[in-house]
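From first to last, the protein sequence lines stand for chains B and W. Here our numbering is used: position 34 in the first sequence is 34, and no number is missing along the way. Here our numbering is used: position 97 in the second sequence is 97, and no number is missing along the way.
These aren't lab readings, by the way, just hints derived from the structure by calculation. Take these hints with a grain of salt, some might be off.
So the derived list for chain B, only partly shown, Cβ under 10 Å to chain W, looks like this [to be verified]:
1. E15
2. G16
3. H33
4. L35
5. I43
6. F47
7. H73
8. I74
9. K97
10. L98
11. K102
Glycine included, each C-beta is placed from N, C-alpha and C at the ideal position.
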Amino acid sequence: KNEVEQSPQNLTAQEGEFITINCSYSVGISALHWLQQHPGGGIVSLFMLSSGKKKHGRLIATINIQEKHSSLHITASHPRDSAVYICAVRRQGGSEKLVFGKGTKLTVNP
Amino acid sequence: SQTIHQWPATLVQPVGSPLSLECTVEGTSNPNLYWYRQAAGRGLQLLFYSVGIGQISSEVPQNLSASRPQDRQFILSSKKLLLSDSGFYLCAWRGGSGNTIYFGEGSWLTVV
Numbered sequence: 001k002n003e004v005e006q007s008p009q010n011l012t013a014q015e016g017e018f019i020t021i022n023c024s025y026s027v028g029i030s031a032l033h034w035l036q037q038h039p040g041g042g043i044v045s046l047f048m049l050s051s052g053k054k055k056h057g058r059l060i061a062t063i064n065i066q067e068k069h070s071s072l073h074i075t076a077s078h079p080r081d082s083a084v085y086i087c088a089v090r091r092q093g094g095s096e097k098l099v100f101g102k103g104t105k106l107t108v109n110p
Numbered sequence: 001s002q003t004i005h006q007w008p009a010t011l012v013q014p015v016g017s018p019l020s021l022e023c024t025v026e027g028t029s030n031p032n033l034y035w036y037r038q039a040a041g042r043g044l045q046l047l048f049y050s051v052g053i054g055q056i057s058s059e060v061p062q063n064l065s066a067s068r069p070q071d072r073q074f075i076l077s078s079k080k081l082l083l084s085d086s087g088f089y090l091c092a093w094r095g096g097s098g099n100t101i102y103f104g105e106g107s108w109l110t111v112v
């Protein structure tokens with residue numbers, strides 16, 4: 001079993017819909033990252049969380065440390081949000097290694 | 001502001017040829033530097049990381065090597081490429097005082 005599991009693997013939505021992507025992990029972590037990878041391959045860091053909730057524009061990320069679960073929400077989705085969203089965790093203990101989920105491919109249709 | 005540059009963006013190399021991918025970071029000092037690979041249909045995998053000049057840690061045994069000749073320069077190399085080295089290579093950095101990680105534009109390598 002992978003240490004980081006994301007769901008769904010693929011997601012298709014209509015413009016304007018509210019979107020949720022889930023991430024569950026099985027190890028103790030010091031931080032969780034949400035990343036966005038565009039079709040060209042470039043990756044942008046969206047959020048880094050260690051507790052609670054963060055919001056940036058239409059994006060909201062939450063984490064529940066006790067349940068080892070995080071969600072990424074997109075409100076009022078737009079076709080330009082189409083990308084692969086990747087969850088990654090940094091293990092406790094000062095590890096330099098990020099453990100990545102396999103990503104969620106989001107397609108938002110106009 | 002901090003920026004990260006990675007090149008070349010794409011390359012096609014024959015099996016057995018050498019490889020050199022270069023990454024530089026601007027606007028910060030003493031960053032932690034990383035090389036990741038994303039093979040087709042697979043997630044990102046950490047190849048090497050460096051916490052200082054000349055300090056290289058390898059996460060997986062492979063046909064590749066890394067070097068950090070200067071504080072803000074990280075180089076990924078191979079003496080003889082294999083077909084299995086094909087993939088998307090990403091350089092990244094993380095500041096010592098924070099945990100956010102920043103990625104370069106990536107390099108698409110096809111070994112033929």
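Worksheet item: Which of the listed hints are broken here?
Response: The structure breaks hints 1, 2, 7, 8; every other hint is satisfied.
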